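1 is the number of the first residue of the sequence shown in this note's numbering; add one for each residue after it.
Don't read these hints as lab results, they were simulated from the structure. Here the structure is a predicted model, which is why all the values come from computation and not from measurement. Glycine residues also receive a C-beta, built at the ideal position from the N, C-alpha and C atoms. Be a bit skeptical, because a hint or two may be false.
[As the list claims (entries may be wrong)] Using 30 Å as the maximum straight-line C-alpha spacing, the simulated DSSO-like pairs for lysine-lysine come out as follows:
1) K143 with K323
2) K143 with K130
3) K234 with K17
4) K4 with K161
5) K53 with K255
6) K100 with K143
7) K33 with K211
8) K161 with K275
9) K342 with K268
10) K323 with K302
11) K276 with K263
12) K143 with K128
13) K268 with K255
14) K128 with K62
15) K262 with K143
16) K53 with K161
17) K127 with K143
18) K255 with K275
[What the hints assert, rightly or not] What follows is a list of derived Cβ distance ranges for each label pair:
19) I55 with Q2: 38 to 46 Å
20) V15 with K161: 24 to 32 Å
21) A359 with Q2: 22 to 30 Å
22) N75 with T20: 16 to 24 Å
23) K84 with E202: 54 to 62 Å
24) A359 with Y125: 47 to 55 Å
25) T20 with E238: 29 to 37 Å
26) K84 with S355: 38 to 46 Å
27) F241 with G327: 25 to 33 Å
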Amino acid sequence: MQNKFKRLAIISDCVHKFDTDGAAVTENHIYCKQMQALASAFQHTTVCCPFEKNIANDVTSKYTLGSMEFIPLPNVGGNSIKDKLAVLRAIPSWIRAFRKANASSDIVYMRFPNNLSIPGFFYFYFKKAKTFAQYTGTWEDYKTEPHTYRFQKWLLKKYFKGPVWVYAYELKNDGHLFMGISPSYTSQEWDDETGNVQQRIELYQNRKIEKPVFITVGALVANKNQRFILEAFKLLYEKSFSFCLYIVGAGPLMKEYNEFIKKNNLNKCVILAGKKTSAELQALYRQSHFIVQAPLAEGFGKVPIEGFFHGLLPFLNNVALAKNMTGNNERGFIFSAGDPAKLAGLIHEVMNDQSILPAMVANGRQYAKLFTIENWVNNYLGIINYYFD
């Protein structure tokens, strides 16, 4: 798609590092893929984002697009007084980065919510820069939502002078708000997986799954709620239900979950897989049958869409876009993360009627084709070029 804008600036809180060769890398593999795809539509892209020290064993993705340059910022944030003071000390460096980004671009892409984007909003607002934004958190208000998140949503709704993409299907008549997605795969990758998914469908048509393999992906933090999943699968194990569960991700709750697995004798059927590269994660998707995600709050869940690409069906906690993703049980299943026994019962119910699986897999695949990286980039370009015409 033709783009009248030539120079892009990206303001983001995604943490980056420099590898031993001095190249920018990040542990957020999908972010790296998305930003390089978007930057490919511009002659030059400047990225303002926090950097931290690289660790030898980190699982990272490298930026290979030569037209991208990075302005490193201090990695600050947190809830303590010390953390808040560090944020205040970082503001002058943020302003210098905003000034450089504004000078080197003709349009600015801001990713909310984060501390960096609050002063960024006001800087580019008063500079009258052309801007567009993505709110990557939960657009609907929720009980434990930080006040700064609601403040940023209010700014985006009322005062942001550019198009804003949000993770919501139903929007009020706000001419600058658009439904957003967060893609993981290209159209070519969708095509490349077609044969594997067709084999999966044929297998489901001809024989029953005797030992289903489940996978859940996300940081091991309270909001992702893997503890609820473990409680449900503990009940399945106690009823002699044969399964395998991969928990992919790392975080502060790793030790707690490892102790839970050992205490309840789940070692042989639950695997704490840690962080994975994109290729390693795809390999796990291909050997799994179902996704299970139980977040307490969610913006746009990339994991179910990634599962659809590979022919997996999701079990999703009923938050945010879960009902839309599953198509009201046309391509997945909904539960409420209150009673683990209900999730365990739902899994039993599905495994007792596997005749529904082939059609659901095919439905999920077609749905996933809407969420390619190319569609995401073209949607951005089409709207910003029209909006600022």
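Tell me, which hint numbers fail for this structure? As far as the earlier hints go, 2, 3, 6, 7, 8, 12, 14, 15, 16, 17, 21, 25, 26 are violated by this structure, in ascending order.
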